[in-house]
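Peer 1: Now for the letters of each chain:
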Amino acid sequence: KAGVTQTPRYLIKTRGQQVTLSCSPISGHRSVSWYQQTPGQGLQFLFEYFSETQRNKGNFPGRFSGRQFSNSRSEMNVSTLELGDSALYLCASSLDGGPNQPQHFGDGTRLSIL
Amino acid sequence: DAKTTQPNSMESNEEEPVHLPCNHSTISGTDYIHWYRQLPSQGPEYVIHGLTSNVNNRMASLAIAEDRKSSTLILHRATLRDAAVYYCILSLPNTGNQFYFGTGTSLTVIP
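Going down the list, the protein sequences come from chains A and B. The opening residue of the first sequence carries number 1023 in my numbering; numbering runs sequentially from there. The opening residue of the second sequence carries number 3 in my numbering; numbering runs sequentially from there.
Just so you know, the hints here were simulated from the structure itself, not pulled from any lab data. Take these hints with a grain of salt, some might be off.
[Claimed, not checked] Some chain A residues close to chain B (C-beta under 10 Å, calculated; not the full set):
no., residue
1, Gly1080
2, Gly1084
3, Arg1085
4, Phe1127
5, Gly1130
6, Ser1134
Since this is a predicted model, take the numbers as computed values, not measurements. Glycine included, each C-beta is placed from N, C-alpha and C at the ideal position.
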């Protein structure tokens, strides 16, 4: 069974640009969550999508957005990139996001802002 | 935030058992206790989870205190591949996959 796939693995951008990251969940999983990991702040929840709807959102500015497609694949977008957006962005999937379900994480996209 | 408290770091000798503690004094009756671990350059990996009773799987055991205010992840025989950061997380109902990761416990396994 294929795991969670995130593309690309590495990305370099400059300040002011925008970026789109992609996540393919495990087949049959309908809940997809995104996290940002930095050395200073650790792992922080960005948002969760279920059935193409954003269901939960963390404390991040509106520059961070996402969407989910009918096949449960998800994308997140960051506009007007800042140096502080340099981080590992992780995607996780589960069947429906219930508290009794494990989350399965991808290996992330490492975004570097120059 | 659903708060958990873990030691910053622990050491264990290879092939010995490891007990990783976690305090979650504000836990509610419907909150599940999850454990994940993260190896360098990888995403977090699910280890085990439970609600009230102790749980066992092929990776580890989870011992939950009777009052549920603390839990312990038990690795029965530590190997070098178990060196990782271990996170104890409370999973709340109606929050989707909104996990609050703390700083976790960095486990060093000594050969």
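Peer 1: May I ask which of the numbered hints given earlier this structure violates, with the numbers listed in increasing order?
Peer 2: 2, 3 and 6
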